[in-house]
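Student: Read off the chains here:
There are 6 protein chains.
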Amino acid sequence: MSDDVLLYLDQNNQTAIVTLNRPEKRNAISLKLIEQLDQIIDQLHRDQQTKLVMITGSSPAFCAGGDLNDFHGDIGQEEAHHLLKKMQNVLWKITTLPMPTIGWMNGLARGGGMELASACDFRFVNETGTYGFTQGQLAISTGWGGGTLLYERIHPQEAYYWLVNADVRSAVQLKEIGFAQGVFSSEQLEFNHPLIEPYIKRSYEQLRHWKSQWLTNQDLQMLKIRMDKEVEACSHMWVSREHKEAVANFFKRNEK
Amino acid sequence: MSDDVLLYLDQNNQTAIVTLNRPEKRNAISLKLIEQLDQIIDQLHRDQQTKLVMITGSSPAFCAGGDLNDFHGDIGQEEAHHLLKKMQNVLWKITTLPMPTIGWMNGLARGGGMELASACDFRFVNETGTYGFTQGQLAISTGWGGGTLLYERIHPQEAYYWLVNADVRSAVQLKEIGFAQGVFSSEQLEFNHPLIEPYIKRSYEQLRHWKSQWLTNQDLQMLKIRMDKEVEACSHMWVSREHKEAVANFFKRNEK
Amino acid sequence: MSDDVLLYLDQNNQTAIVTLNRPEKRNAISLKLIEQLDQIIDQLHRDQQTKLVMITGSSPAFCAGGDLNDFHGDIGQEEAHHLLKKMQNVLWKITTLPMPTIGWMNGLARGGGMELASACDFRFVNETGTYGFTQGQLAISTGWGGGTLLYERIHPQEAYYWLVNADVRSAVQLKEIGFAQGVFSSEQLEFNHPLIEPYIKRSYEQLRHWKSQWLTNQDLQMLKIRMDKEVEACSHMWVSREHKEAVANFFKRNEK
Amino acid sequence: MSDDVLLYLDQNNQTAIVTLNRPEKRNAISLKLIEQLDQIIDQLHRDQQTKLVMITGSSPAFCAGGDLNDFHGDIGQEEAHHLLKKMQNVLWKITTLPMPTIGWMNGLARGGGMELASACDFRFVNETGTYGFTQGQLAISTGWGGGTLLYERIHPQEAYYWLVNADVRSAVQLKEIGFAQGVFSSEQLEFNHPLIEPYIKRSYEQLRHWKSQWLTNQDLQMLKIRMDKEVEACSHMWVSREHKEAVANFFKRNEK
Amino acid sequence: MSDDVLLYLDQNNQTAIVTLNRPEKRNAISLKLIEQLDQIIDQLHRDQQTKLVMITGSSPAFCAGGDLNDFHGDIGQEEAHHLLKKMQNVLWKITTLPMPTIGWMNGLARGGGMELASACDFRFVNETGTYGFTQGQLAISTGWGGGTLLYERIHPQEAYYWLVNADVRSAVQLKEIGFAQGVFSSEQLEFNHPLIEPYIKRSYEQLRHWKSQWLTNQDLQMLKIRMDKEVEACSHMWVSREHKEAVANFFKRNEK
Amino acid sequence: MSDDVLLYLDQNNQTAIVTLNRPEKRNAISLKLIEQLDQIIDQLHRDQQTKLVMITGSSPAFCAGGDLNDFHGDIGQEEAHHLLKKMQNVLWKITTLPMPTIGWMNGLARGGGMELASACDFRFVNETGTYGFTQGQLAISTGWGGGTLLYERIHPQEAYYWLVNADVRSAVQLKEIGFAQGVFSSEQLEFNHPLIEPYIKRSYEQLRHWKSQWLTNQDLQMLKIRMDKEVEACSHMWVSREHKEAVANFFKRNEK
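Chains as they are written, first to last, in the UniProt record's numbering: chain W, 1 to 256; chain A, 1 to 256; chain Y, 1 to 256; chain V, 1 to 256; chain B, 1 to 256; chain D, 1 to 256.
No lab work stands behind these hints, which were simulated from the structure alone.
Glycine included, every Cβ here is placed at the ideal spot set by N, Cα and C.
Be careful, since some hints might not be right.
[To be verified] According to the in silico footprint, chain A covers these stretches of chain W (three or more CB under 8 angstroms from chain A):
#, segment
1, 133-145
2, 164-177
[Stated by the list, open to error] Within a straight-line C-alpha distance of at most 30 angstroms, the following computed DSS-like cross-link-like pairs (lysine-lysine) qualify:
#, chain 1, residue 1, chain 2, residue 2
3, Y, Lys93, Y, Lys201
4, W, Lys32, W, Lys86
5, V, Lys93, A, Lys85
6, A, Lys25, A, Lys85
7, D, Lys224, A, Lys229
8, V, Lys86, W, Lys244
9, Y, Lys224, D, Lys224
10, W, Lys201, W, Lys252
11, Y, Lys175, Y, Lys93
12, Y, Lys175, W, Lys175
13, Y, Lys244, W, Lys93
14, Y, Lys25, Y, Lys252
15, D, Lys32, Y, Lys93
16, A, Lys201, A, Lys32
17, D, Lys201, B, Lys175
18, A, Lys201, W, Lys252
19, V, Lys252, A, Lys224
20, D, Lys93, Y, Lys32
21, A, Lys252, A, Lys175
22, B, Lys85, W, Lys201
23, Y, Lys93, D, Lys85
24, D, Lys224, Y, Lys93
25, Y, Lys224, W, Lys224
26, Y, Lys85, B, Lys175
27, B, Lys93, Y, Lys224
28, Y, Lys25, Y, Lys201
Model the full assembly from the supplied sequences, consistent with the hints where possible.
Tutor: Below, the structure is given as structure tokens:
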């Protein structure tokens, strides 16, 4: 059975590596993938050995966003809400994992792929990648709670600005606004990489403490409420005329 | 009748342009102007067509602050409180408008002009302008709630530092600390300007959602309480010996 | 009697200068020093003349952290909690002083020295110094509440990242992330120094207002709770095997 | 033109009396009534003479709830949301009026009538009336935000209990749980009535202060969010099979 | 295998009945019981059929508190913290179950038994039972977070008062202070009992909504922090001389 | 030297008894008394032996409120603010004492005397006394923050109602609304009194924990802000025409 998400537990480094594994689809997030990811994250919530979680994609892309075969333009509002809620639930669980999480963004990310990255505590980005909260271009908003999470990762003013502009940015730009903590050149992930090494050296207890300190610094209950509002707003826009037109145009452009 | 504030509703772009129109006074904010601005903002609160509001000034200045003919040094504490409250009320209404707001800072801003700009969601600044929260130089503080708003727009540490230093800064410096989201060269405002175009392209529903998300991210009740405290503190300093001396010195310097 | 902390009240400038005075120990914080500092801060809480407090060290260092003679590796958890609590108490009192406070970081700071600096409102740093939250290298965390305070001084994302990395940084890096508001070259502190002058010029009432505005912007009750959690977590890690090993290695390295 | 809501401004006592005036419909709340009530409350928000607002009904009932001709069982979810939102908006405005408000409950109240009463600061009840949050019996919940408001008026535990039980209670029971502040026998409202007299005697400034103190004691932003969630939940249940059946049964029972 | 906790899923009424089943020990909470209860609550969190959960005991007692064989006086602070944390975790999960929960208190409750009852949304009590937060008599405090929960169930003033007094109360007294919502005479639980019937009649969606409204009304993040503090305080008092003496006296009294 | 406030430290029971000692003035609170009380409370904040503080008055009255010789009708707004602030400061310190505090209300209390009682954690009242927040009758409001504290002691709805009504109530009524925890007949205070005995029996550590739990349950920062607003509102009403008339009438009535 081929899996759409791979989990590798590196016991030597007490690190879990979660890999989105649909490289031919640029790791687009299908309903099947969501289910598998959900189970893996549940397992990590119960895990008492792992001190670090890394989320990455099968190269060359990190994640192209929601798979349009599942999240397509014709579903109704109720159904859209139902589907968006599923992945919101996963992002919430990633956000509240008891150990630090790193989004190792090995390449391109768009839309929902950026939301997934925003659910991680830290983000390291490939210097050759391009990255964009492009939902705005399709007449919708972020829909899994990732826009809300972006507000926690960078200054709210910057988050609001990016979501409206919906533009694609470079690795260096991501570091400048604080979305990425580090930039790497396109080699393999190694645990002695200068960006990863400090995490590997810290103890289990240290890393759990720092994660707890990070979570306590946030108002998690309000965060959840705001993520809920985002899902509702997005499912509402899903059935708008503007969204349907934007999707049609998107396919027309891609056909040529 | 010539108006001190102009409202232009561009129905094509569903954009309202509010222009401070006392160019000979560098758009200083008089009591009469406050009243007109108040009515225009009330109208925009009820507006269900407009998706974007821009606030700007009749060139060359954006806004020189409070008009010293109305906000002069001899008024008592009770009276100062009463006058400051009027404009605080307008800044509060601008802050809570249901659509995104852009401060299109076409030129110089000082004191209260910066407070007005801080009430907008975004700020784009003319590269040749100079900008300063200069209230501190006159032995008072911001007095319309704009210092409190500054705390929401840039990192609180930066806000506190600027208010104490009370220095004048360039357009580039404003972008560096995140107060301005973009810098433009001194041409006319056009809706296909790269800074404005994304807003025009987004739908009414998208923009209202993002504004709502931005507001929900803030603790508005506490924001209002902090703005109230600012008005009280400023009206208290208004009648201090230090303020009276600073105003006298200011006029002496300007006479020469 | 020679004092480990000096208090100089400059009545001309209404400024209090608090100097850590154990230059031969790089101003390491002993229990005796804590007691003296505590009394001085209590005095400043009652002070109704002073408009500015500066905290600095007897050159060349600012503060090397906790004195290992008092905060050594062999004490038990209960005792560690008791000792850490003492200095946490002082940092809390510094944080809530009614006037602005400046950490004038005349040179090197490590570990607890950085926590002390984080309790100040502003930090100006010597361009030749090096600065690091290095607690993480010793298998513990910050333990006086200073990690929690760091979350308030720079973006939480940056704070979390620095605490995990536990690396040493330059003056310029501190300014880039907003931890330092200014960098000075290694001359004497003078009140007409461009970094200090604005503070000296402002009135007593202005400075107290701005400090109050700064404090009201924070959730102080939650801040205290988070500082308490930090003390507990650190005293828990204090007795871990990893900490004892790290301390042993530290001494081995330093012996050579 | 006969009005569905009457406004009487008693200038002697600086009191506004708002009367629901559809006695033949037991003052059921129709869309037309909502519109008139909305305008009256807007007027009272701007009023700077009135120190007290009383809301009552044309006898014998206080208010039977939403008028089933407008809020009927066949409307869809989107439409239900739209209609419920209208009255939620009015309840929010009543809640935040700047002067004390008294619900003078001259007789029976059910469902939405109780929600309206909950938006008032105080409630005085006719000893012969019966009162019930009976929405639960119809397989829905409160839908105008009034359930949320009930949580603020009595202990949350009691509110939760009443909403689930959906039972009808007597005047004395209302006083026991603190929902009513006083009980009157079924005579005319007079300003020298012992329950009203103290309000009439207090000054404008006193009453506005106490109202402000009452509002500041609540977290209004969170209150609004919770009211929004209530509207959404109710409009969702509106289209449930259980609701349609309950409505059908209700009419069947009433026919007999 | 005989179970210490029984789970009965009544599919007709969509109700789960959880029964503490150590009648010979007055249903005292042992470590083994905690483990079984934990698993059952986990199952109910995932359950999407059940609309109501009832927690009760095998008669005649509801629950005598922690089993002194496991929670005995000689364990150290670290160990006490570890054991208390286990049951706190279960109480937290009960508190946040997605459906309403009823503590059907069939008889006597003391100490930890009261904490368990406090984790339920509602409490109905046997008129012949006696009930007490008696922890205070043993020189400790509540230790599973139940004291914190009591603050949410009755007025904080009453909670504080009861915890200090540590007295035993009757069913009627419990109803007076609002801890119990209803009193029943000592017959069997039946679903057509007037206290239970309304819950059974409501729909799944209604009950989930009301539970969600109840939870949203609380600050769950702060609730968790306060529960954590309680566990720490209690484990600290566990090793005090006063506690050891009180336990010794308790056994002496019971021997006679 | 005869003192206006007596402090008796009962070392046997580890209890401090603070007695207002101006029986001929019904223990009215003068500026001199405030100063003495302030010093005593400061001492109790540092005290590490005392486990309980009781505040009472020299019989027959508990406290008649502010002494009109100091808090008289002719002082200006600024001065009123200054004087009110002094006692607010003391009430705040009492509220945040680290050990439980009991207001042993040996007799009549009015106005500011009720505010003082509200700053205590618990209140026991003499069955023959009468008690009233009567400030409203003098066209002002509570002015030391005691109205705000009342909101924490009883249900906010009840607090709002009492402050507007400004009526005098009996001991039994106080117990009914939860303002008093117990009623005693007019005998001497004894430590084996059933109301006091439980406190005396509990350990130092228990009582400090329960007090801490009580304080953590409140939002102290917001409490302080609300108390500040109360002082400002009251000092504003102090100079109103209505207040001056009410004071004049008060003296006229008392002359006869």
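Student: For which of the previously enumerated hints does the structure constitute a violation, in increasing order of number?
Tutor: Hints 10, 13, 16, 19, 21, 26, 28 are the ones this structure does not satisfy, whereas the remaining hints hold.
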